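Peer 1: Using the sequences and the hints, build the whole thing.
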Amino acid sequence: MPVDNYLGVPLHRPKVAFFEFTACEGCQLQILNNEATLLDFLSLVEVVAFREAMTERSDDYEIAFVEGSITRADEAKRLKEIRKKAKVLVAMGSCACFGGVNQLKNRFNNNKWVKEQVYGKFPVESEEARPLEDVVTVDLNIYGCPIKKEEVEKIVTNLVLGKSVSHPKYPVCMECMANENICLYKMGEPCLGPVTRAGCDAWCPGSRFGCWGCRGPADAANVEQIISIMEEHKFSADTIIDRLECFGGFKKFAGELKKRTAKSKSKKKRAAK
Amino acid sequence: MKISCDIKVKHLSRVEGHGNIHIKIKGGRVTEAQWEVVETPRFFEAMLVGKKWDNAPWICGRICGICSIGHTLASIRAVENAFGIVPSEQTRKLRLLLKHMETLQSHVLHLYFLAAPDFLNTGSVFPLIKSHPDVVARAARIKLLANDACDIIGGRRMHPTTTVVGGFTMLPDRCKLESLKRRLEEAVTDLHRTAELFRSFPVPDFVRETEFVSLRGNGEYPFIGGDLVSTDGVRMKEHDYKKMTNEYTVARSTAKWARLSRESFAVGALARLNNNFAFLHPAARELSESFGLRPVNHNPFMNNIAQLVECVHVTLESIAMINEFLDNEWDEPRQAVKHKKGKGVSAVEVPRGILYHCYEFDSAGKIVRSDCVIPTGQNHANIQHDLTELAAQSASMGRKDAEIELLAEMLVRSYDPCISCSVH
Amino acid sequence: MIFRLINKRELRELFDVLAENRIIGPVQKGTSHDGKALYAFEPVFDFDDLKLDYTSTARPAKRYFLPSHETLCTFSVHENGWEKTVDFNIHEPHVFFGMHACDINALDKLDKVLLESNFPTPYYAAKRKNMFIIGVECTPQPSCFCRSMGTDSAFHGFDMFLTDLGDSYFVEVQSATAFNFLKNIRTREPKEKDHARYMKVVADKNSMFTTSVDTTDLAKILDMEFQSDVWKYWGDRCLSCGTCASVCPTCYCYGVEESVDIDLKGAKKKKHLYSCNLIDFAEVAGGHNFRPESHSRLKYRYYHKHRGFMEEFEESLCVGCGRCSEACLAKITVPEVIASVRSGVKPKGKKGRHGK
Amino acid sequence: MENKLPFVDVLKDIHGYQRKADLGSFEYSHKAEITNVYPLTSNEKLYQIQIVDPDMRRRFTFQPGQFVMLEVPGVGEAPFSISSSPIRHGDIELCIRNVGNLTNFLARVERGVQVGITGPFGTSFPLKEMMGQNIFLIAGGLGIAPLRSPILSVLENRSRYANVDIIYGARQPSELLFTYQYDMWRKFDISLDIIVEKPDAQWKGPVGLSTDILRKKLAEPDGSLSNNTYAIVCGPPVMFKFVCNMLTEAGIPMQKMFVSLERRMHCGRGKCCRCNVGSTYTCLKGPVFDYWSVMNLKEAI
Ligand SMILES: Cc1cc2nc3c(=O)[nH]c(=O)nc-3n(C[C@H](O)[C@H](O)[C@H](O)COP(=O)(O)OP(=O)(O)OC[C@H]3O[C@@H](n4cnc5c(N)ncnc54)[C@H](O)[C@@H]3O)c2cc1C
Ligand code: SF4
Ligand code: SF4
Ligand code: SF4
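Protein chains in written order, with the working numbering: chain A, 1 to 273; chain B, 1 to 424; chain C, 1 to 356; chain D, 1 to 301.
Calculated directly from the structure, the hints in this document are not laboratory data. Small disclaimer: the values here were computed from a predicted structure and weren't measured. Possibly wrong hints are sitting among the right ones.
Claimed, not checked - Taking lysine-lysine and the BS3-like style, the derived pairs with C-alpha atoms no more than 25 Å apart in a straight line are:
#, chain 1, residue 1, chain 2, residue 2
1, B, Lys-93, B, Lys-176
2, C, Lys-265, B, Lys-130
3, A, Lys-234, B, Lys-341
4, B, Lys-93, A, Lys-258
5, B, Lys-343, A, Lys-115
6, A, Lys-258, A, Lys-234
7, D, Lys-204, D, Lys-187
8, A, Lys-148, B, Lys-176
9, D, Lys-4, C, Lys-127
10, B, Lys-10, A, Lys-85
11, C, Lys-270, D, Lys-31
12, A, Lys-234, C, Lys-331
13, C, Lys-129, D, Lys-4
14, A, Lys-77, A, Lys-87
15, C, Lys-331, C, Lys-112
16, D, Lys-4, C, Lys-51
17, B, Lys-8, A, Lys-77
18, D, Lys-187, D, Lys-20
19, A, Lys-148, C, Lys-270
Peer 2: Shown next as structure tokens:
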């Protein structure tokens, strides 16, 4: 018997559906990767569509968890239909929230070249990779590449209880320090932890692997400052840009840094002449 | 009786990614039997251009959520091959252990969550929670173990973090490895139960003469690197992978297709087993024979059984490897990396078959060109030809619509296709 | 206080005597990219792992008495009702083998607010009362300024304190427990010349400090310079990442979060150490933030440590351990901030936000 | 095992209601039942909450102006001013506006639900000192919630106070709280002025800000505020800043004006530092401060 109230407040078991667009489907898999708590998780909600795991599907849902970014007109159309049906639309994972690694191809500003690079003359339809919010209104973001299952569980539990859902506003360093990790800068590695939104429990720094900012900027992230800190630590502009542009959350800052670097390069060249 | 039917499966479920099946039979004649791949491409090969070498494994792991560890390792090895880095024996073993745990995780996911519902007449694993709680609990137990193992060794179960060019950022915790070993030993029993379960499922009787491509083991069942072979007698070196895959584009697919000696070939657990039966762990070989699975088996549905056999193989081999680790002193986890101009190819056996990554670097260590050939991509043509044959057989045998539809779906699923991965 | 002298080799004996208990001490946890040893307080099982000549640990031993995450209580929830279970999260005493004076002083300061004021907190008390502390004399590091804060030596808050005299340790014995433990090993009464050796070691140590902070009238100056532009300069550099508070042995601010278990049959109330530099530290319902700018939060941290605590307890809430200076990626250091607030002059040659 | 250190149990068992100096008082909460919920407006409800144990209920005493921490297990804990009269002991009323996580959950709770109450915490309005003097209460919006306790306390001892004036301002008539009690307050010889910013069709009273009324009152011939007047001001920061300035100009000494500050609080016990103003704990030294202290607190307004 699933519990039907919490302290006398009736619980609402929402009908949920999972959808994916341009993505690796890893975020959905993370949900199935919940082995230990999967059964409790499933009794919180009623899954009505989850193509990666089930054949039955229904269009009657309240919460749509959407993975992936939008790279084709048919995807945009389908997403809009989902938006119409869903009361709550959740962007799940970095691709859905920021474009994810998919948006790396946008940096060439040359879709034709991109297509030819992979398919030669063979015609393929594909546009710029866009986050969901460029197409529809998104009610809730679940950050991360991949998403952290503990976080999804917490969010869904809160939705069921009618509790508010909020993300940490502070950066990853807080969690990294709480876990007593050695700061990667001490070991000569770059890390975006000081500006990236926490919530992953410092997943990467915990394995002595610097953060790449998959969860996007924290509230009040001082990105300019971390850029100059990385420069002081002698990390090349390429290294800094690689991190900032990887998942799309820091796109704006990566763009600015690129422009700045290009300018100083051309200045140097001119000076050399 | 001459049958007619028109089957359209849009976005086949319980597979990774988006694919459609169309079968049209008119008066007992197959007019259409199509496997369509409609997944949106992501253009990884283009997005890597201009990126520094250290980005490659991190980004390429994202080609696929299910086999992200395989992609990461393939990518790392391609970079190492290009720079002339030879991993230490410790690194090589630890990578293999990590790989094994991914194989176990992925195969169990496919066997229980994606394939089994077809045999138990449900649309998903969810109703089984009520009807077959012990089965689901067992699946969850093995999967959890394998996933935890990936966390311990790779930093996390998906998009690993400790695996880098040159080795590992850090080594697993000794105590955790020990408890992992104990859990693996317990898992052997669970795998035997799994075998009993699958023994009770009727494997559709369908055979189509096929060429099977995989790595060729050199004394051990192959997973990372080695020569490329096919059951038709082709044998090649890793760097000649393009001659092994011969990729081409097809109108109804955003994934590229492949061919070798015939119009199509198959990769995956069955292919590996067909080419390397002798290298299987004896217990795994014995299990295989008990299912009547011996090389060269041409029934694609037997891929599920081959997966099961591999589960046993990787579990037993992992236990032995952990024992060896625990007995030895550990070295530095990581060696320094010096980039240089050049090209590197790597072939790795991921759960769904042989995977190739190839990068060309300039003197600054930036990628000039990259190429990834995904197992499911190599399987697409074979799926298509199997489907045509299955439709023809069904037409001549007078199978019912629903039966054909289920069989067709099961056929595609037995390849455990990873479609979004194939359209990376 | 009772003094003893023990031969260096005897220390291993003492360790073995204490080993029936859980021992926490400085061990090497890694190596920095420039080859320096990185130390941390970890459980020690082998005397050889204990590095009593450690420079300084990047983190204090705080997690053993003020863990960054702590469950305050759990609830079991049933129809319309619930039961609450409180656990102070400690079940055995810990031996702290090798704490520097600054860290011992930090504990004394925490005691003031967490034990001796209104509403003493049992979570801290339970751990604090179960600490057996062996102090050890340190070597001043470039970022240390404990001497300026009056915390370079400890007068209480430990059981015994070791000073390395080369071949032996000079031991200050403060608790009866320590005295009893020492009975297990060979010790001797120090002689006049040992006192002289001890005084020399201490004097040598005192000559090694390279960093200092002028704390004269600091509380008043902070009040007067509340509107100083210098704060903005530091605020622009600050990453608002909370690292300084995380590594500080005396920072104790926290947040509480409650969560319902996924099976909806239980709940937890968790405390996690926070930092006043984090953006939402002073945000209230409705979204109003009392300290929206990073400089106002940074200023608050200094204000609380060097003025508020002073007002309340006649001392500053900083022991000058220099950990925050070492950990801060933006290179915001207490000596520099205080000097600049004092003089009203921003430091030269360092970039703030936008390179200004 | 002779070298094993003895384990010190700081607290063998928690003995119910404790003094502030006892370790056992820290995480001790009274189990209390929500006995009634009255919707006051669309955003605020009045909760009657009774400590379950009758003995504890009797021993629970508080002063007007103090607050409790109300806890709903798993949902959250937050500070709320007690809105009822102190003579009712542990049978308290809280007026709560739904603004966030905990308060939105509370808005859905029905009577009979058990919650946890800790406290009372903080400082109070010095009603004893005010005896024999005039009291001027000025409330804006939800600020009436903490003022209701002193008002009720004054009503119960009406003869001990000289003139009592209340000015209460709200944005619109539908947001006025405790409307059902205004007549009673007036019957107790209290001058009550109510003003709204945005009137609706039925509204007959004055329109504007509470400062408008205050200005008028201060201009009245007998409106001069001599030494024997105390003021209690509660409302949004902008409002109390203006009001207190006007009152200061009218001659009320700063230390006879009291305000109640709102800050973020996670413990209510002077530990979490979240409520600090400058470096003063609002939960210990406040929430009720005299205006002189507020003026001397950095970053208070
Ligand atoms: C002394 C005092 C007396 C109060 N009296 C009343 C009253 O009588 N009636 C009334 O309706 N409200 C009163 N409040 C305000 C009340 O505490 C907040 O409305 C309440 O905390 C909101 O909690 P929430 O969980 O619903 O909101 P949340 O969802 O937690 O939060 C909304 C915002 O409030 C902040 N917040 C979180 N926890 C707290 C907290 N414990 N305290 C303050 N802010 C927090 C968050 O940063 C967030 O921005 C009083 C506050 C104080 C300090
Ligand atoms: S490793 Fe990264 S996240 Fe951790 S403290 Fe250092 S900068 Fe912050
Ligand atoms: S550490 Fe950074 S990159 Fe890693 S999961 Fe967290 S936010 Fe993402
Ligand atoms: S403020 Fe800095 S120097 Fe002072 S005690 Fe804390 S960490 Fe040490």
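Peer 1: Each hint needs a verdict: does it hold in this structure or not?
Peer 2: Results for each hint:
For the given pair, B:Lys-93 sits about 17 Å from B:Lys-176 by alpha-carbon distance, which is consistent with the 25 Å threshold. In summary, the hint linking C:Lys-265 to B:Lys-130 is supported, as the alpha carbons are separated by about 21 Å, within the 25 Å threshold. Between A:Lys-234 and B:Lys-341 the alpha-carbon distance is near 23 Å, which keeps this suggested pair within the 25 Å criterion. Using a Cα cut-off of 25 Å, the hinted pair B:Lys-93 and A:Lys-258 is violated, with the two alpha carbons roughly 40 Å apart.
The hinted pair formed by B:Lys-343 and A:Lys-115 meets the criterion: a straight-line CA distance of about 22 Å does not exceed 25 Å. Distance hint between A:Lys-258 and A:Lys-234 is fulfilled; the C-alpha atoms sit about 17 Å from each other, no more than 25 Å. This hinted pair checks out: D:Lys-204 and D:Lys-187 have alpha carbons roughly 20 Å apart, not beyond 25 Å. For the hint linking A:Lys-148 to B:Lys-176, the alpha-carbon distance of about 21 Å falls within 25 Å, and the restraint holds.
With a C-alpha separation of about 16 Å, the suggested pairing of D:Lys-4 with C:Lys-127 holds against the 25 Å cut-off. Taken as a hint, the B:Lys-10 and A:Lys-85 pair is honoured in the structure, with Cα atoms around 20 Å apart against an allowance of 25 Å. Taken as a hint, the C:Lys-270 and D:Lys-31 pair is honoured in the structure, with Cα atoms around 19 Å apart against an allowance of 25 Å. A threshold of 25 Å between alpha carbons decides the hint, and for A:Lys-234 with C:Lys-331 the separation of about 16 Å falls inside it, so the pair holds.
Restraint check for C:Lys-129 and D:Lys-4: satisfied, since their Cα atoms lie roughly 15 Å apart, inside the 25 Å limit. A hinted pair counts as satisfied when its Cα atoms are at most 25 Å apart, and A:Lys-77 with A:Lys-87 qualifies at roughly 18 Å. Between C:Lys-331 and C:Lys-112 the CA atoms are separated by roughly 30 Å; this puts the pair beyond 25 Å, and the hint is violated. Distance restraint check for D:Lys-4 and C:Lys-51: the Cα-Cα separation of roughly 23 Å lies within the 25 Å cut-off, and the hinted pair is therefore satisfied.
Restraint check for B:Lys-8 and A:Lys-77: the C-alpha separation of about 21 Å stays at or below 25 Å, so the hint holds. With a C-alpha separation of about 40 Å, the suggested pair D:Lys-187 and D:Lys-20 falls outside the 25 Å cut-off, and the hint is violated. Between A:Lys-148 and C:Lys-270 the CA atoms are separated by roughly 20 Å; this keeps the pair inside 25 Å, and the hint holds.
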